Amino acid sequence: MEKGLIFDIRRYSVHDGPGIRTTVFFKGCPLKCSWCHNPESWLDEPQVMERDRVFNGHSKRVKETVGRWYSAEEIIDIVMKDRVFYEESGGGLTVSGGEPLQQGMFLKELLSLCQQYGIHTAIDTSGYVPEDQFSEITGLAKLVLYDIKSANNTKHQEYTGVSNDLIIKNLYSLKENGPKLIIRIPVIPGFNDQLAEMRAILDVIRPVKERIQRVDLLPYHRLGINKYESLGIKPFRLVDQNIRRDDITSFMKLYADNGFPVKKGG
Amino acid sequence: MTERVNALRKQSLEAENILHHERAMLVTSFYREALPTVEAIPVQRALAFQYILENKHLYIGDNELIVGERGPAPKATPTYPEVSLHSLKDLEALNDRPKVSFKVSEETKRAYADVIIPFWKGRTNRDKLMSLMSPAWLNAYKAGVFTEFQEQRAPGHTVLGKKMWGKGMLDLMDECDKKLERLLSAKDAGNTEKVNELRAMNIAAKALILFAERHADALEKMASGETGAGRKKELLQMANICRRVPANAPSTFHEALQHYWFIHLGVITELNPWDSFNPGRLDQHLLPFYQADLEAGRINKEQARELLHCFWIKFNNHPAPPKMGVTAQESNTYTDFALINLGGVKEDGSDAVNEMTYILLEVIREMRLLQPSSMVQVSKKNPDRFIHRTLDIIRTGFGQPSVFNTDAIIQELLRQGKSIEDARNGGASGCVESGAFGVEAYFLTGYFNLTKILELCLHNGYDTRTKQQLGPETGNPESFKNFDDLMTAYRTQVRYFADIKMEGNKIIEQLYATQLPAPFLSLLIEDCIANGTDYNAGGARYNTSYIQGVGLGSVTDSLTALNYHVFDNKTISMNGMLQAMQNNFANFEEFREELVLRTPKYGNDDDYADQQAVDTFNMFFESVDGVPCFRGGMFRINMLPTTCHIYFGSVTGAMPDGRKAGIPLSEGISPVQGTDTNSPTAVLKSAAKIDHIKTGGTLLNQKFTPSFFDDEESYDKLTSLIRSYFRLDGHHIQFNVISADTLRDAQKHPEKYRDLIVRVAGYSDYFNDLGEDLQNEIILRTEHGEQ
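Sequence order for the protein chains is R and L. Numbers -16 to 249, taken from this note's numbering, label the letters of the first sequence in order. Numbers 4 to 790, taken from this note's numbering, label the letters of the second sequence in order.
Please note that a few of the clues may not be correct.
[Claimed, not checked] Derived pair list, reagent style DSS-like, types lysine-lysine, alpha-carbon separation capped at 30 Å:
| # | chain 1 | residue 1 | chain 2 | residue 2 |
| --- | --- | --- | --- | --- |
| 1 | L | 383 | L | 349 |
| 2 | R | 192 | R | 236 |
| 3 | L | 182 | L | 209 |
| 4 | R | 43 | R | 125 |
| 5 | R | 192 | R | 163 |
| 6 | L | 124 | L | 102 |
| 7 | L | 13 | L | 224 |
| 8 | L | 166 | L | 145 |
| 9 | L | 573 | R | 46 |
| 10 | R | 46 | L | 663 |
| 11 | R | 15 | R | 91 |
| 12 | L | 384 | R | 64 |
| 13 | L | 697 | L | 509 |
| 14 | R | 163 | R | 91 |
| 15 | R | 138 | R | 163 |
| 16 | L | 751 | L | 106 |
| 17 | R | 64 | L | 383 |
| 18 | L | 697 | L | 166 |
| 19 | L | 663 | R | 43 |
| 20 | R | 246 | R | 192 |
| 21 | L | 383 | L | 165 |
| 22 | L | 384 | L | 349 |
| 23 | L | 106 | L | 124 |
| 24 | L | 751 | R | 43 |
| 25 | R | 64 | L | 692 |
| 26 | L | 304 | L | 236 |
| 27 | L | 697 | R | 64 |
| 28 | L | 383 | R | 125 |
| 29 | R | 43 | L | 573 |
| 30 | L | 106 | L | 145 |
Keep in mind the hints are simulated off the structure, nothing from the lab. Owing to the predicted nature of the structure, the values given are computational and were not obtained by experimental measurement.
Bound-form chain R, shown alone (with noise of 0.2 Å):
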C-alpha cells in the first residue's frame, strides 16, 4: 500500500473548487516560486520547522515536523467526516502542495478511493509532470485547478525555477478530454502584473477554452514569510509587494471580454 507524504489537511476550505471541500496538502514541489507561502510543500521529506508558540504571555521557540506519511484510507477517514457538508454544497475533496502530482502513485490510489465513496475530486497542479503521469492521473479527478504563471519562459525560468514548456504541454492534453478546468492565475507585483503578461497568458489558455470553467485570478499576499525563517530557507526571492503596476481589475475585464469567467480570489 502506498503512503503519501502530507504537511497540512483542512476542513471547511472554500477556495479551492466548487463548495465545501477538504484540502490534502501534498509535500514537496518542483517549483520554487519566489512568492511561495508554502515553503514548507518544496521538500519531499519531512522536515522540521521551528516557531514561536505564546501561551499564557510568554512566547516560547518550539519545535514542529512538517509532513507526515498517511494510507489513502488514513485520509479518507478525514475527507468522509465532511460528507454531508459536500452534499450539500456540492463539495469534496481538493489535493494540493506542493504537486500532488509528484506523489502519483499515492493520488491514484486516493483519487480511486474517492470515485468508489462517490466524492468530487479537485486536483489543483502546477501541471509539471511527466506527461503519460499526468494525463493518466487527472483523468481520475472531476475537476483540475492549473496553475499559469507565466507566459514568457525565461521569467518562467526564472522566478519558479523550471520552464512552463511541459506545463504548456500538458494543458494541451487536456484539450479533447478529461477534467474541466479552472486556471489560477496568481497575480504577483513585479512578475506578471502587467497587461501584456495577461495578453499572453490569455493566448496560452485560449486553445483550451472549451474546458475552461473559469479563470481566477489570485492577488498576493505576504502570508507566508515569516515560514522561511521557520525552516531555516533564505527566501528564494521574494517579491516586494509595493509594486504595483497594472490594476486586477483590467485583466478581470480582459479574460471577460474574451469569454471567460474570471473570479478575483479563488
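Go by the hints and put chain L onto chain R.
Okay, now just chain L, sitting in the frame of chain R:
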C-alpha cells in the same frame, strides 16, 4: 427611513435607562388602600392590573404612530415589588454600576424609602420563595450550583399564537362569560377557583380596553390642539384605532400592530415575566392584514414599512426590568428577549416564507436596534434566497438574526407530545427555547452548573469555595480504578442536584400558581379560558419546565483531560491532577500548557473528546427529562447560558481542562473559547453528536470574519454550512461577524463604537455594555477565517 422614524429611533437610542417608581407606587397604594380582601387572589391581581392601567401616566410621543409605554416615558422602567423588592442599596448599585445601569432619581429613592420598602419588606414573593426552600437547596444555590429564574421575575418565555390576531378582548370576555355560565349552572362547589379565575380574566380584559380608551381620549385631545393638518388627521386616525383595538379583532395592518402592542404592554405591566412577551410568527400573522390593505388601497409598502419601524422602536423603548444579584449576573443585559420569528413552515407543513418575511428582514436591517431580537426559522422547505437575504444582514455584524432549524424544533415539540399543528405553529423564543406558540406555558427554571458539579465530584461532594459538604460522598477520586468509576460518581452528583433543583421548582411553581396568578396573560394562551385555570397554574394546553445546562464544553474537556492523562496515558496521577487544580496551576504551568494545547478537545470532531459531551448530555437528560412538574407537565432540558457561564465560572475553581479558577465557562454547546482549532465543519460535527431533538433548544455560537461573506459563492457555502448542520439535527447557530482587531479597538476606544452590537449568547448586546471579561471572551472565541 422617514424623518419621523429617524427621530423616533434617535430618541430611543439616546433615552436614558431609568428605574421609575410609578408602577411600584401604584401597586403599593392598591394593596394598601384599595385591596378588596374578601376577593380571591386572582381577582385581586386583576384589580391591581386594572388599577395600574387606570392610573398610570400616559405617554404619547411626537409623531408616534404606534402608542403606549409601560413606564411614563421611553426606557423609564418599572419595578415589581410584589415579586421582589429593591433595597435602597440596590437602587444605588443600579444607579452606579458601570454596566446595565439604571438611573434612579431622588424622587424615586424617596418613594422607595417612605412608601414602597416599608410596605413590601418581608412580604414579597421572593421572601416567601426563599423561606420555603430547603437548606440543601439554599446551600447549592449560594454555592452557584444552579440559579432560580423565578426569584426576581415571574414565569414567562411566552409567545403569542395565532389566536389573538383574529380576536379582541371583547371576544375573550365573551368566552369567559360562556364558560362562567356553564360553571355556575353546574353548581359544583369545586368550581369556585375556576369561577374566580374567569372573573379575574374578565376584569383584566376589560382593563386593557379601558387603557386603550384612555389613549384614544388623549389622542383626540391632542388632535384638537394640533395645528398641522397632517398630524391632526393622523392623531384622529390613531384615536380611532385605539377605540377599535384591542377591544375588537384588528382589521387593518395598522390596527394589527397597535393591537399587539397593547397586548404586549398588558403582559409586561401585569408582571415582569422573563423574556417580556413576543408576537411570534410575525410574517405569518401580518401578511393577511398587509395584503388586504394593499388590495383595498389603504396602504402602500412604504407606509407599511414606516409602521413596522415605529413598532420596532417600541420594543427598543422597553429594557428588561432592573435585575440584581444572581439574576443580574445570569442575564446581564438590557435585552428583554422578545424574539421575532420569521420563516419556517405553515400549519399544513408548507413553506411559510412570504412577502412579509422579506419586508421584515429589511426592517431588521434598517432598524439595527438591540430590541426586538430577531431570528429566522430555516426548514428544508424554505428557499435559499431566504437564507441569503438573512446572511446579508448577518454580515453587517450586528449579530441578528440568529438561525434556527424548524425541522428540529418540530421534532423536539412532537417528542414532548405536542400535536403536529401546534408544533408547526411554534418556534423559538428568548435565546433559543422551543415552544408551541400560543398554547404552551414553558417556564425556564434556572441554569445548572454542570462544571461545578464535576468539581464537587472531584472533592467527594465537598465545595472548597464555600467550605461545606454540598453533594453526596461519591468517593475519594484517588480510589477510582478507571474512568467509568469517575463517570458513575459524576452521574450520582448530577442526579442529586437535579433532584434538589426540581423539588424546589415544584414548590416555586405552586407559589406562583396560588400567590401570583397572571389572569391577563391567561386570556391569551390557550386553553386557559377553556380550563378556567391560570397560566401560572397549568391552564395552558402544554406545560413544560426547563432546566438549562451550562458549561458543556468545559466539563467535556475536563472529563477528557482526566481520561487522557490520569487513566489512559497515566501522565499524571489523580492526586497530581487534584493538586494542580488546588494550586490553580501555580508551579504546574508546563502541565497546564499540556492540558490546554496538547489534550483532545471538544469541538474538533474527535470522538475521543466528543464522547464525554454525549455522555454528560445524556446523564443530564436522564436526570431531568420526564420528571413531572407542578403544573401537570414535565421537566425538560435545554442547553443555553445567556451570560450565566460568566457567573458560573466565577464560582468554579480550576478544572482539569486547564481552565483557571474564576474564568468563564464555555457557553451553550460551543467549544471552550479558542479550542476549536480544526474547522467550522468540525465544530458543527462535534456539536451535532449530542441529540438535539431531546432538548428544548441548544445554543451554538460561531464567529466569522467578514471575509467569509465576500460574494455570492461564499453565501452559497454558508447556506450549505447551515443546511448541513440542520440536516444533522442541529437546533440553532448564530454568527458573530467581526474582526478581533475591531473588538480590541472597541475595548480601547469605547466612545468610537457606541453602536457596536455583538452576538453574546442567544442574543445581541452593545459591546460597550458588556463586562470586560465578557468582552475578552468574545474576542477570544476562535476566529475562523483568520487562522
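Point to revise | Hints that the structure is at odds with (numbers, increasing) | key: 4 and 8
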